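**Q** Residues per chain, in single letters:
Protein chains: 2
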Amino acid sequence: MNTRKRDIAMPDAALMDKLVSLAKRRGYVFQSSEIYGGLGSVWDYGPLGVELKRNLKDRWWRSMVHERSDIEGIDAAILMHPKVWEASGHLAGFTDPLVDCKVCKNRFRADDGRIKGEPGTPDAKCPVCGNTGTLTAPRMFNLMFKTFMGPVEEAAAVVYLRPETAQGIYVNYLNVMQASRQKIPFGIAQIGKAFRNEITPGNFIFRTREFEQMEMQFFVKPEEDERWFEEWKEARMVWHRSLGIDPARLRFHEHGADELAHYAKTAFDIEYQFPFGWQEFEGIHNRTDFDLSRHQESSGKKLEQIDTVTKERFIPYIIETSLGADRLALVVLADAYREEEVAGEQRVVLALAPAIAPIKAGVFPLVKKDGMPEFAHRVCDDLRRLFPVFYDDGGSIGRRYRRQDEAGTPFGITVDGQTMDDQTVTVRDRDTLAQERVPADRLVSYLAERLGS
Amino acid sequence: MNTRKRDIAMPDAALMDKLVSLAKRRGYVFQSSEIYGGLGSVWDYGPLGVELKRNLKDRWWRSMVHERSDIEGIDAAILMHPKVWEASGHLAGFTDPLVDCKVCKNRFRADDGRIKGEPGTPDAKCPVCGNTGTLTAPRMFNLMFKTFMGPVEEAAAVVYLRPETAQGIYVNYLNVMQASRQKIPFGIAQIGKAFRNEITPGNFIFRTREFEQMEMQFFVKPEEDERWFEEWKEARMVWHRSLGIDPARLRFHEHGADELAHYAKTAFDIEYQFPFGWQEFEGIHNRTDFDLSRHQESSGKKLEQIDTVTKERFIPYIIETSLGADRLALVVLADAYREEEVAGEQRVVLALAPAIAPIKAGVFPLVKKDGMPEFAHRVCDDLRRLFPVFYDDGGSIGRRYRRQDEAGTPFGITVDGQTMDDQTVTVRDRDTLAQERVPADRLVSYLAERLGS
Chain A
1 MNTRKRDIAM PDAALMDKLV SLAKRRGYVF QSSEIYGGLG SVWDYGPLGV ELKRNLKDRW
61 WRSMVHERSD IEGIDAAILM HPKVWEASGH LAGFTDPLVD CKVCKNRFRA DDGRIKGEPG
121 TPDAKCPVCG NTGTLTAPRM FNLMFKTFMG PVEEAAAVVY LRPETAQGIY VNYLNVMQAS
181 RQKIPFGIAQ IGKAFRNEIT PGNFIFRTRE FEQMEMQFFV KPEEDERWFE EWKEARMVWH
241 RSLGIDPARL RFHEHGADEL AHYAKTAFDI EYQFPFGWQE FEGIHNRTDF DLSRHQESSG
301 KKLEQIDTVT KERFIPYIIE TSLGADRLAL VVLADAYREE EVAGEQRVVL ALAPAIAPIK
361 AGVFPLVKKD GMPEFAHRVC DDLRRLFPVF YDDGGSIGRR YRRQDEAGTP FGITVDGQTM
421 DDQTVTVRDR DTLAQERVPA DRLVSYLAER LGS
Chain B
1 MNTRKRDIAM PDAALMDKLV SLAKRRGYVF QSSEIYGGLG SVWDYGPLGV ELKRNLKDRW
61 WRSMVHERSD IEGIDAAILM HPKVWEASGH LAGFTDPLVD CKVCKNRFRA DDGRIKGEPG
121 TPDAKCPVCG NTGTLTAPRM FNLMFKTFMG PVEEAAAVVY LRPETAQGIY VNYLNVMQAS
181 RQKIPFGIAQ IGKAFRNEIT PGNFIFRTRE FEQMEMQFFV KPEEDERWFE EWKEARMVWH
241 RSLGIDPARL RFHEHGADEL AHYAKTAFDI EYQFPFGWQE FEGIHNRTDF DLSRHQESSG
301 KKLEQIDTVT KERFIPYIIE TSLGADRLAL VVLADAYREE EVAGEQRVVL ALAPAIAPIK
361 AGVFPLVKKD GMPEFAHRVC DDLRRLFPVF YDDGGSIGRR YRRQDEAGTP FGITVDGQTM
421 DDQTVTVRDR DTLAQERVPA DRLVSYLAER LGS
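Protein chains in written order, with the numbering used here: chain A, 1 to 453; chain B, 1 to 453.
With the rest of the complex left out, here is chain A (with noise of 0.2 Å):
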């Protein structure tokens, strides 16, 4: 077996393409509207995708909240009080510099690599329409998606879609605390969507307006939280190996003085090398006590704790970990796409660790008569009360097999002539392909077994 990786030097800009295409014929992610020729960079997932991003998620829910006694998870609205974003700084800063071009109309961040020249002066040159002098002097626009409560458009009733997660869990903490009789250091988690304006989405999944966070904010007293820190840092690290991801593609970046977001002291970001080169997937943050003392003084409720041996007052600092969950689905999937000569046929194959794999199984009668389709439909019904597995009778055994590796289905169990006289079955393992017989009335447990479950 000739295993193409892909080289880890080099990025793959064809790889994209076909993981775009692999993801929709197998049912991973579609086109947003794509009947009406989708809508820019909006992605929806469809059931192979819904079912790999909620064992993503269940996965980082469960390290997160229920396998620890100091972590509350909540689940905050999307639309927020607007002084939310005053406080945060969201509206004042959360801006990007944006350029016009007089000429063709078109708009670019100021910072875009195509424009040559400094735009507002004559000799700045649009990189679409070409003219010189046409190009705008940068102004701020607002990352922020604007809409209106209540029946009228007016100024009082302006809301925004939250651009993170984070201050639905900053503006709760104290409820939760009470609720749940935390104390100090304990933190809270959130999944839920966020919403950009972005002026230059792209790359698939990775960067798009409309996304899905996984946060998670833990709350130390302050002079504890260059430790607290370095233990998110690493345990974030060592979750995501724990997905299967190849660790030769996952590092940290730290964010030098000029990366480093208004809130925070100290920022890294954990980096997966996509085959559009290393890109950031989640960021742990510290961002001090700059958000809980912003909304203590913008809304006039004290935010403090007690320290219990001191009896000084302090607000909490903050370590924030900050997953995108689109990003992550798009870090495993690129990383278990696998090009492959198998006996003399090509083959595609998504090498996804079984635990996350949207369907555990494949179930296939060899041929459709001879009683096989009802023995196999029974095996089907029987494994379903356990996990998510798929019948196929379309095609021949090899299309059927090959259609379960491009979906990552991590085992194909095959229904066959020695089936009807001893009740076994094949079991063909994805990775390796061996196959193995077992008897039918054990594939419950054998499967169990190998999926770790």
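Think of the hints as simulated: they come from the structure by calculation, not from any bench.
Everything numeric in this text was worked out from a predicted model, so none of it was measured.
Check before you lean on any hint, since a few could be wrong.
Identical chains blur together in the list; that is why a pair holds if it fits in one copy or across any two.
Said to hold, decoys possible - Under the rule of at most 20 Å between Cα atoms (straight-line distance), these lysine to aspartate or glutamate pairs were calculated in the DMTMM-like manner: (1) K116 - D422; (2) K183 - D392; (3) K183 - E374; (4) K125 - E231; (5) K146 - D441; (6) K193 - D112; (7) K18 - E345; (8) K302 - E86; (9) K146 - E198; (10) K83 - E34; (11) K183 - D393.
Using the hints provided, position chain B relative to the given structure of chain A.
**A** Here is chain B on its own, set in the frame of chain A:
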């Protein structure tokens, strides 16, 4: 034990206040942006609320998607192409008639029961300022939230927050069929947020502007619509009863000709007797071929199927089951609420079915010494690997039981003096108050059995 259940015949106005208060106290639901005075009719789910909703949503997903071979899941984006809403009829028809008072500037739904007289005529009386003849004639306002994609607020970039998740299913249905190899009849299920700019939201989490839907759209041959409608109508009622909801508080309501939505041939609501009266929380609708026909016409893409027997082309009919996740959460909370007298003391208890209760067991050391806390922590850690548990050593054991009663926790496990001698603990049943001694090393299997898992 003197159980005070609500009188079936009489709505209980005070009960809503009690529920809202308990929901905050125990961490089910908080007012959004509370430190800023709240945002009108927007609510955040706290640690217990998020688990309750997860349990309800997971149960629905399992029954719809995982346990059936004829339904696929998807997760479409909230932002869709604006043409979707033109075709679906929402842009033109998803409106409420509103009336303004020219004097006090208040705004009302034209059908507001407090308005005396015909709005727009000299004898109509404003229900707030009391002036007559000051109400305008009704004008139509669209209930969709509008926002702007891209950096400028120009007409071309107007998009809407979806007012229902259903359309995300319709525009993807061919892609789903192709990827999943489904054939008519089959269904597509989805859980996701939707937004409606309601003029009169209210009743806690019953009618909110941001809400979560659990919708399933079942695609059938036109001539089989009535059979499938009946099947789904009955199946949905059975599912709600499986959550332990009082059957006497559940009923069907058939839409009369004047109530039917523009797309519906037949519609049945499933209603619950809330403290504020009988109200719908799920709808089963025969949407006919309305939506797919409109999308076919509007997009120019063929959305037909071919009958395998007659070879004739047809556009599938759609049977929709549309359940509000927040309304369902309110149903189970209201249904579970009890005030009781126990041994001369009042207690409030949420008698949630164990399968949907956020915390499965509270673990309490009787006193904070003699090794009891250490033993209780070990018990807690063992159980936490399997289900959510809560450790509490604060206050008298009676107070701790009461807190978990209010939280809806079905079992209370106490580590006491005898535990130190014989390694048994007491398990208290939330509903019967019966206490049983169970060996600590048998707790996992004992609870798993009683939780039915």
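**Q** Report the numbers of all earlier hints that the structure fails to satisfy, in ascending order.
**A** The structure conflicts with hints 1, 4, 5, 6, although it agrees with all the remaining ones.
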